[in-house]
Amino acid sequence: MEHIDLAALQELQEVMEDEYNQLVETFIRDSEQRIAAMDEALAEHDAEQMRELAHSLKGSCLNMFITPLAHLAREIENLARERQLEPISPLILGLQQEFKTVSRLLKETLTD
Numbered sequence: 003m004e005h006i007d008l009a010a011l012q013e014l015q016e017v018m019e020d021e022y023n024q025l026v027e028t029f030i031r032d033s034e035q036r037i038a039a040m041d042e043a044l045a046e047h048d049a050e051q052m053r054e055l056a057h058s059l060k061g062s063c064l065n066m067f068i069t070p071l072a073h074l075a076r077e078i079e080n081l082a083r084e085r086q087l088e089p090i091s092p093l094i095l096g097l098q099q100e101f102k103t104v105s106r107l108l109k110e111t112l113t114d
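Sequential numbering of the sequence shown, starting at 3, is according to the working numbering.
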């Protein structure tokens with residue numbers, strides 16, 4: 003499975019032109035913050051905060067054609083909605099790993 007739909011992302015890059023780099027940088031920064039906040043929500047057993055963060059991350063990922071990361075966020079969102087926090091911990095580890103890969107791939111698409 004692709005980490006990112008690069009063809010769709012390239013179309014977005016062509017449409018956005020000069021604003022594309024800012025979009026990618028904002029996505030990476032915001033996602034880093036959300037994932038860090040998800041760690042905090044897990045430590046604090048805050049299911050509602052976890053659900054909100056996962057929902058937000060899922061939407062951002064879908065907007066950037068990053069489906070596998072969105073699927074992980076959706077799994078976390080669904081578990082948090084059911085207040086099942088214990089199974090979320092390994093999913094967050096997977097989310098962090100996938101985000102590292104996606105972040106690297108996105109940075110490779112930036113233009114000078």
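It should be emphasised that the hints constitute simulated quantities derived from the structure, not laboratory data.
Among these hints, one or two may not hold up.
Said to hold, decoys possible - Distance ranges between label pairs, derived from CB positions: (1) Arg83 with Met18: 30 to 36 Å; (2) Ala10 with Glu88: 19 to 25 Å; (3) Glu42 with Gln86: 15 to 21 Å; (4) Glu27 with Asp7: 25 to 31 Å; (5) Gln51 with Leu95: 16 to 22 Å; (6) His73 with Asp114: 28 to 34 Å.
In this text the structure is predicted, and so the values were computed from the model without any measurement.
The C-beta atom is built at its ideal place from N, Cα and C for all residues, glycine as well.
Practice problem: Would you pick out the hints that fail for this structure and give their numbers low to high? | Solution: Violated hints (numbers, rising): 2 and 4; every other hint is consistent with the structure.
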